[in-house]
Structure formats: structure tokens, C-alpha cells
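Spelled out from the first residue to the last, the chains are:
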Amino acid sequence: MLERLRQRPRLVFALLAVLLAVLPFMMGFGLGNSWVRVLDFVLLYVLLAIGLNIVVGYAGLLDLGYIAFYALGAYLYAWLASPHFGLHLPFWAVLPIGAMLAGLFGVLLGAPTLRLRGDYLAIVTLGFGEIIRIFMNNLNAPFNLTNGPQGINLIDPVRLAGFSFGKPLHLFGMTFPPTYFYYYLFLGVTLLAIFVALRLQDSRIGRAWAAIREDEIAAAAMGINTRNMKLLAFAMGATFGGLAGGLFAAFQGFISPESFNLWESILVLCMIVLGGMGNIPGVILGAVLLTVIPEALRYLGDLQRATLGHVVVDPADLRMLLFGIALVAMMLFRPAGLLPSRQRKREFAAEDGVAEQEQASLYDARA
Amino acid sequence: MDIFTQQLVNGLVLGSIYALVALGYTMVYGILELINFAHGEVTMIGAMVALTAIGMLVGVAPDLPGVLVVLGGILVAIPICMLLAFGIEKIAYRPLRKAPRLAPLITAIGVSIILQNLAMLIWGRQYVSFPEILPTTKYELLGAHISLLQIVIVGLALSIMAGLWLLVERTRLGRAMRATAQSKEVAELMGVNVDRVISATFIIGAAIAAIAGVMVSAYYGLAHYYMGFMLGLKAFSAAVLGGIGNIAGAMLGGLLLGVIEALGAGYIGDITGGFLGSHYQDVFAFFVLIAVLVFRPSGLLGERVANRA
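For the record, the sequence lines run as chains A and B.
Numbering of the first sequence is given in the working numbering, commencing with residue 7 and proceeding in unit increments.
Numbering of the second sequence is given in the working numbering, commencing with residue 671 and proceeding in unit increments.
Simulated from the structure, these hints should not be mistaken for laboratory data.
This list has only true hints and no planted wrong ones.
With a Cα cut of at most 20 Å, we get these calculated SDA-like pairs of lysine to any residue: (1) A:K173 / A:P89; (2) B:K854 / B:T841; (3) B:K768 / A:Q349; (4) B:K768 / A:L345; (5) A:K173 / A:P96; (6) B:K768 / A:L344; (7) B:K808 / B:Q677; (8) B:K768 / A:R348; (9) B:K768 / A:G124; (10) A:K173 / A:N159; (11) B:K808 / B:G891; (12) B:K768 / A:R352; (13) A:K173 / A:N39; (14) B:K760 / A:I331.
Keep in mind it's a predicted model, so treat the numbers as computed, not measured.
Construct the entire structure; sequences and hints are all you get.
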């Protein structure tokens with residue numbers, strides 16, 4: 007069955023397209039409209055994970071402050087399209103500006119960290135992320151830029167060709183909440199991002215990143231401008247983050263520093279490592295799993311009621327505990343990630359001499 | 671001037687706690703090159719267990735002097751944290767010793783989430799307060815107020831650091847640890863039981879973390895299931911600041927970070943002309959961290975990592 011499908015990629019694509027097109031309706035009618043919202047978040051996290059994968063998976067730069075770019079995109083959207091400053095620029099104008107601003111900050115962060123490696127880079131990016139968050143939390147004085155911990159609300163919903171995403175749509179006697187429209191918007195952006203990431207991977211740039219990841223000195227010796235390539239990786243990843251941030255702000259209608267804490271950066275990192283770093287299908291799988299698992303665990307309360315007759319432990323308390331256990335268990339089970347790239351798989355089965363070489367490079371397989 | 675001395679004193683107290691937690695990070699990193707993300711949570715568990723034990727002791731024997739009660743709490747917390755760290759290493763890190771470096775980092779994050787939520791289930795979401803049983807004697811020195819507790823914290827921290835230094839430099843175990851850090855394979859050939867050395871490293875770090883946890887909760891008068899996260903982050907930053915993997919570096923980095931933070935909180939308003947208030951103290955700390963690392967990419971006392979080809 008699987009073999010036959012592999013021989014007919016067009017059929018697979020068609021099936022996948024149909025599935026993606028009807029997915030929100032299946033989820034909405036099968037599990038309730040709250041799951042369409044989960045679906046929207048899945049897409050946002052896929053977008054974030056693909057962006058971070060460029061920095062960590064392709065170029066091998068461990069970035070723990072990635073969520074800062076997400077935050078920048080979101081705040082820029084909020085400044086330009088909400089009553090906060092009285093500006094209401096259209097969606098298509100704001101989103102690219104947010105993505106570009108995030109990209110610019112990616113370069114600004116990348117520039118001083120070019121000499122750093124591995125864990126030192128991780129801690130500096132982490133510090134950068136925390137600095138951005140603290141500023142968001144406190145820049146309500148002397149002038150009110152971020153409205154402090156309360157955040158900014160009443161952000162304009164997306165409006166495309168006169169159609170506002172803000173109100174539910176009544177059609178054929180059924181009501182479709184905005185989450186449905188956002189699903190298709192996010193799906194479009196995410197598919198575009200996946201396309202870009204896949205094309206980048208095998209391009210001259212992608213190969214340069216892989217070379218830097220495996221051995222920076224050898225890469226430089228081969229004539230790769232490692233400085234520019236690293237900066238490009240930071241900028242590219244940050245742009246994706248900023249894009250996701252803008253979409254998030256429009257979707258949520260409300261943002262606060264709460265949404266952009268260090269845990270979010272860590273969560274996105276977990277997604278790509280768990281899924282299989284550097285491999286786009288793996289990254290997508292990781293993002294889907296780590297977004298859906300905590301949501302599915304919300305049913306723990308019902309499960310307890312069904313099996314034990316009453317709720318013994320508050321499911322909200324149990325949820326993250328089980329999430330942590332799942333994270334550890336999955337990682338122990340598949341240390342290279344759930345869907346590792348072909349190259350990584352080979353590295354894992356490497357003979358001793360090759361494996362020893364790998365040990366020297368900072369974030370790779372060790373013998 | 672007295673603000674300066676006061677903040678210096680506060681910073682040194684805070685810094686010596688950071689340094690103790692940082693030691694745990696740096697020892698594990700030195701041997702396994704692993705960021706033991708769960709270490710902050712071990713510190714938190716230490717504080718929580720100790721507080722529970724202290725609460726019980728106060729209930730059973732209300733006439734016991736406060737110092738003895740706290741000592742009892744520490745003595746309960748230490749073995750529990752040691753056991754916990756031993757188990758964490760065995761379950762979450764050992765099977766991944768040959769995996770890519772990011773895999774154990776993710777399990778470490780997973781363990782950290784597990785411990786945090788376990789603590790929340792056991793002790794609840796609210797703050798647990800430290801009973802007022804310790805003497806509140808205060809002294810004056812150069813215009814700064816110093817409490818007896820602060821003196822004890824700094825003194826105890828310094829003696830623990832000295833003890834650890836002796837352990838690493840003067841004992842058989844310490845030599846085995848240093849050998850393992852340099853090369854696991856060669857150490858094994860020389861007859862070192864590497865697994866046992868790694869376990870011992872985790873256990874020693876956890877014992878120190880338990881004491882640090884009690885110190886934090888005594889100093890601030892409370893403990894919370896979430897306290898390990900920020901503390902761990904700061905301590906890890908301190909370890910990196912000093913040069914990760916380097917024990918003296920962790921001590922220096924911890925003290926420095928504490929002092930920078932305290933001085934930052936005291937002076938950042940003056941420096942920026944009132945533009946930034948004291949709630950930017952963390953920005954200040956991270957900013958200094960970034961600046962130091964940009965100019966010394968392997969920390970203050972870290973070895974210059976040669977570019978390995």
C-alpha cells in the first residue's frame with residue numbers, strides 16, 4: 007500500500023490537499039469548534055518551528071531567544087493596527103513590515119554573537135530574548151509603548167478584500183467562527199514557508215549552512231563567507247518568526263508579554279529536536295505533536311470521571327506533568343528525533359572513524 | 671555611599687547563592703557537556719522539602735532553637751535531592767550519552783517540566799512561607815545593614831566552595847572527576863569507573879543545590895514551585911559568565927552576577943536619568959552577560975576553546 011503510494015506522488019499530493027482543505031470541518035464537527043482553534047495554533051507553531059529550524063537545524067546555531075522575533079512581529083502588528091496608537095494600517099502592509107523588522111533584529115542579534123559557539127551562543131540569545139520580554143513588560147513609562155503587563159488589546163482582525171475575519175459567518179444555516187478563515191490564511195502562509203524552507207535546503211545557501219553546521223573552519227576554507235551566511239540564517243529565521251508573530255496578533259486580537267516567555271522558545275526548540283532537526287517533515291511532525299498533546303490532555307478530567315467516577319487530580323495540574331513525561335519518553339525512544347533526515351540517520355550508523363569526526367563538531371552525533 | 675555598600679552586601683549574598691547553584695551546572699557541564707536544565711528544579715525541590723520538614727519540626731518541637739530546626743530541614747532535603755539527581759541522571763541522561771547533544775538537553779527540559787508540575791501537585795500553586803524562627807539580629811558596617819542570616823549565608827557558601835575545591839583537587843574522587851572531564855575513554859582505561867564518577871558529580875551538585883535552595887527560601891522568606899526556573903537561569907548564566915566547566919569560574923561568575931544585579935537595581939535609574947527603573951535589573955544583568963561574552967567568548971576564566979577542525 008505504502009509502496010504503491012510512493013510511486014504515485016501526485017495522488018499523495020491530491021489526497022493531502024483534500025485532507026488539509028476539509029480538516030477544519032472534520033475537526034469542527036467531530037470534536038467541536040475549539041479544535042479548529044487548536045488547528046490554527048498548530049499552523050502557527052509549524053511556521054515558528056520551520057523558522058527556528060533554519061537557524062538551529064540548517065545552520066547549527068543554537069538559538070534560545072527565538073520567541074523574541076515572534077514578539078517583535080506581534081507587537082509591531084499591534085502598534086500599526088489597533089487603537090493603541092490609533093493606527094489602522096491594512097494587514098498586507100503591516101505583516102511584511104513586521105517580518106522585516108524581525109529580520110533586522112535577527113541581524114542585530116547575530117552580529118555580536120558571530121564568534122560565539124554552542125552553549126555560549128545559546129545563553130546570549132536567551133539573554134536577548136529575556137531583555138526583549140522585560141522591555142515589553144516595562145515600556146509603559148515614560149511613554150506608553152507596550153502598555154506593560156496588561157498588553158495591547160482590540161487589535162484589528164485580518165481584513166482581506168473587504169471581508170473581515172473578525173465576525174463569524176452564517177452560511178447554509180450554520181455558523182462558522184473566524185477560526186475557520188484563519189485556518190486557511192495560516193495554511194497558505196505555512197505552505198509558502200514550507201516551500202521556501204525546502205527550496206532553501208538544497209540551494210547554494212542551504213548547502214553553505216550545512217557546511218558551517220558540520221565544520222565551520224572547513225566551510226570557511228572552501229570559500230564560504232561564514233559571517234554573511236550565519237547572519238543570513240539569523241535574519242531568515244527571524245523573518246519567519248516575525249511573520250508568525252503578526253499572524254498571531256491579528257488572530258488573537260490581544261497580546262501581552264506573557265505569551266512570549268522563555269518557555270515558548272524552549273517549546274519551539276523541543277518541537278524541532280523531537281521531530282528531527284533539519285528535516286522539514288520531522289519539524290512539522292514535532293510541531294503538530296507538541297501542540298496537540300497538551301490540548302488532548304485536557305480530556306484527562308473526562309477520562310477520570312469515566313473510569314474513576316470523579317475527578318481525582320485537577321487535569322490542569324496533571325496536563326503539563328504528562329507532557330513532560332511524554333517529552334522525555336519520546337526523546338529516549340528516538341534520540342535522533344522522530345523523523346531524522348537521511349544524512350543524520352547515516353551519521354548515526356557511522357563507522358568509528360567518521361563518528362569520531364562528528365564528535366568534534368558541537369551539536370552533532372557523538373560516537 | 672551607603673547605598674553602594676548596602677547593594678554590594680546584598681549582591682554578595684545573592685551572588686553566593688547563585689554561585690552554589692552554578693557549581694552544579696558547571697560540574698555536570700565539565701564532565702558531560704550537558705546543560706542540566708533540571709538543576710534549578712532540584713534546587714526548588716530542596717527548598718520545598720526543607721520547608722515541609724521545618725514546618726513539621728516546628729509543630730513537633732516548638733521549643734527547639736530556630737537554627738537547629740533549619741539545620742534539620744537541610745539534613746532532610748540533602749538526601750532527597752541527591753536521590754533525585756541520581757535518578758534523573760540514570761533515567762533521562764545516561765541512555766542518551768551517545769546521542770546528539772541536543773537530545774539530552776530536551777530530556778533535561780522534560781525533567782524540568784515534570785519536577786515543576788510534581789511540585790505544584792504536592793505543594794500547590796501558592797507561596798510557601800518560611801517560618802520566622804531565625805534570629806533577626808542586624809549589624810552595621812560602613813553604613814550598610816547586614817543581618818546575621820546574610821553573614822551565615824555568605825560564610826556557609828564560601829566554606830562549601832572551599833570544601834568542593836578541596837574535594838576536586840585533593841581527593842581520589844576529585845582526580846577521577848577531572849580525568850573523566852578530560853577524556854572519558856582514557857579515564858576508563860586508567861581504571862576509573864566513569865559511570866560512578868558521573869553519578870557522584872550529579873549527587874554532589876544536588877547536595878549543594880539543596881543547601882542553596884534553603885538559603886534562598888530563608889533569605890526571601892518564601893518558596894514557590896516556580897522559583898527554580900529563574901534561579902536556575904541566573905545560575906546557569908553565572909556559570910557561563912565565569913566560563914562553563916570551570917569551578918572557580920562558577921564561583922566568580924555567581925558572585926559577579928549577584929553584585930552586578932544588585933548594583934544595577936540600585937543605580938540603573940541614576941545612570942539612565944530615571945528613564946529605566948529598578949525593574950530593569952534583569953536587563954542589566956543580561957546585558958553585562960552578553961557584553962562579557964562578546965569580548966571573551968568563552969567566559970571570564972574559561973579556557974580558550976581552540977577551533978577544532
